[in-house]
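Once you have looked at the hints, place chain R on chain A.
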Amino acid sequence: MLTCREFVEFLMAYLSDELPAVQRAVFEEHLCACPDCCCYLHTYEVTVRIEKIACGCGDPPPADVPEDLIRAILAARGQPPPQA
Amino acid sequence: MQPTETTLVERLRHGDGPAFEELLRTHSGRLLAVTRRLLNNEEDARDAVQDAFLSAFRAIDRFDGQASLGTWLHRIAVNAALTRLRTRRRHPEKRIEELLPTFQDDGHQTRPVRDWPDPSAALQSEEAREAVRRHIEELPADYRTVLLLRDIEGLDTEDTARMLGLTVGAVKTRLHRARQALRTLLESDFCEDGSC
Chain A
14 MLTCREFVEF LMAYLSDELP AVQRAVFEEH LCACPDCCCY LHTYEVTVRI EKIACGCGDP
74 PPADVPEDLI RAILAARGQP PPQA
Chain R
312 MQPTETTLVE RLRHGDGPAF EELLRTHSGR LLAVTRRLLN NEEDARDAVQ DAFLSAFRAI
372 DRFDGQASLG TWLHRIAVNA ALTRLRTRRR HPEKRIEELL PTFQDDGHQT RPVRDWPDPS
432 AALQSEEARE AVRRHIEELP ADYRTVLLLR DIEGLDTEDT ARMLGLTVGA VKTRLHRARQ
492 ALRTLLESDF CEDGSC
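Just so you know, the protein sequences line up as chains A and R, in that order. Counting in this note's numbering, the first sequence tops out at residue 97, every number present. Counting in this note's numbering, the second sequence tops out at residue 507, every number present.
The following block holds chain A by itself, in its conformation from the complex:
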């Protein structure tokens, strides 16, 4: 019988599919019986989704890179800036 403490400890391994079959079955048995852990698993997954959205994962890169940045890098390399 798994406790909630053990459930949380093995949560990432479960989600990464790293648990052996027997442990996975025990984990899922607890998941079905414990509403708190069911919510915890869901909100843990949502947390990962939220951080990715907030940090712009999958967003296209900025189309217009600041020209002053390009010029600063060229200057730091000792290269003349591009003609405007």
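Because the hints were derived from the structure by calculation, they are not lab data. Glycine included, each C-beta is placed from N, C-alpha and C at the ideal position. It is possible that part of the hints are untrue.
Derived lysine to any residue pairs resembling SDA-like cross-links, with alpha carbons at most 20 Å apart [stated by the list, open to error]:
no., chain 1, residue 1, chain 2, residue 2
1, A, K65, R, H446
2, A, K65, R, R455
3, R, K405, R, M474
Just so you have them, the derived chain A footprint on chain R, three or more residues with Cβ under 8 Å [claimed, not checked]:
no., segment
4, 321-335
5, 338-345
6, 360-366
7, 409-423
8, 454-467
9, 488-496
Just chain R, lined up with the frame of chain A:
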């Protein structure tokens, strides 16, 4: 490596100025997005992009073509951002233990766990996304860095361990704790009835 990329690398190795500018214009947008994500500060992000391109130019002879030029530059940009993260002045951090769930003697969670609704609508606003990024900034640095490299930059566990000089096990532990800590920080913003 694509034939056009091979040619570009050859030109870079010969110190060709226009080739460097081509490299810069092709990849700087993506690298700026990377350093912005990692540093959450525009000035630091731009400085890290500059550091990354200058490092790449100096190291171009060591580019072996096993990965694409873009992948190689991504790694250099991540390193440049990590260097800035290590050196910049940090605000006081919470201890990770304060942010992890607590349990009773019988192993049950101390507090009831409440569900969150789908956050997609709330995250439409830049203000809400910025609030989440501020919570990520509140994480202790050792944990935040692992979370950023694994979840945000998509590096695998082994690469993250190599970059940070950690064992694979330590990366896994830190990532799991960082996610749990961030979940705790987000709870009051996202839980269903606001009573969490």
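In ascending order, which of the hints set out earlier in this document are inconsistent with the structure?
-> 3
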